[in-house]
Every structure is written in C-alpha cells, then in structure tokens.
Amino acid sequence: MVTIGQRLISYWRILRDAQAFKSSVSQGARIDAAVAPDRQQAAMEFVRGFCSKTGINLAGFDVIFAPGHKGINPLMLEINYFFGRRGLGGSDAYYEILKQEIKDWLGNISDKQDA
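Letter by letter, the sequence shown follows residues 1 to 115 of our numbering.
It should be emphasised that the hints constitute simulated quantities derived from the structure, not laboratory data. Certain hints may be false.
[As the list claims (entries may be wrong)] Lysine to any residue pairs mimicking SDA-like chemistry, simulated, CA-CA at most 25 Å apart:
(1) Lys53 / Asn80
(2) Lys53 / Gln100
(3) Lys53 / Pro74
(4) Lys99 / Ile9
(5) Lys99 / Ile109
(6) Lys103 / Arg85
(7) Lys70 / Gly49
(8) Lys103 / Gly60
(9) Lys53 / Arg39
With these hints in hand, go ahead and build the complete structure from the sequences.
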C-alpha cells in the first residue's frame, strides 16, 4: 500500500511460492489489486488512520494479516520511504500521481491563504 499526498493506493504482493519468505516483486511476487477486498479495505482504513495521526504523506506500507485468522486485524510490518513503483504502474505513473498530489496540495495552501 502506498500513500502519496491524500491518495492511498492499495495492492497485494502475492508470493509465487506460499512457503517462501521474501515477497518482493524482484523475487518473483506478482501484484494483485483485487484479491481479498475485505482485508484490503481494512488495511486501507488502518493505514489512513495511521497517516492521519502521524502526518505521513509519502510512503509505502507493508501490512499483514494472520493467516487463516477469522478476524480482520491488520498489523503494520514496515514503512518504506523508498518503495518500488511497479504496483503503481511504474515510474511514469508514480510521477504523474506525485505531480497531481503536489498541485492539489499547493492549491489547498493557496485556498487557505485566500480565506
């Protein structure tokens, strides 16, 4: 999951081998934005609340869930300030999102000064 400005983009890295430890795309994991929508929604709410409390607005988050556990209680595994961009559609897509979020942020600052 990645937050850029006010935008939150969620996807899972799915291991090719369920017994493997590493789940990076460079290690063979695939990206899937549609699997486990209930957990994805819980993770988004969890990260959105975390970002609201901490002021973080540009980071990647690794969120995990206990396997086979019936409850949907996300856990934060790590926060990455330097994160991969494949889940966002690559570097070009990342920079487009970043530019738009900066424009929106600057517009909000301008609106507040005019009020």
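request  = Mind listing which of the numbered hints don't hold for this structure, in increasing order?
outcome  = none
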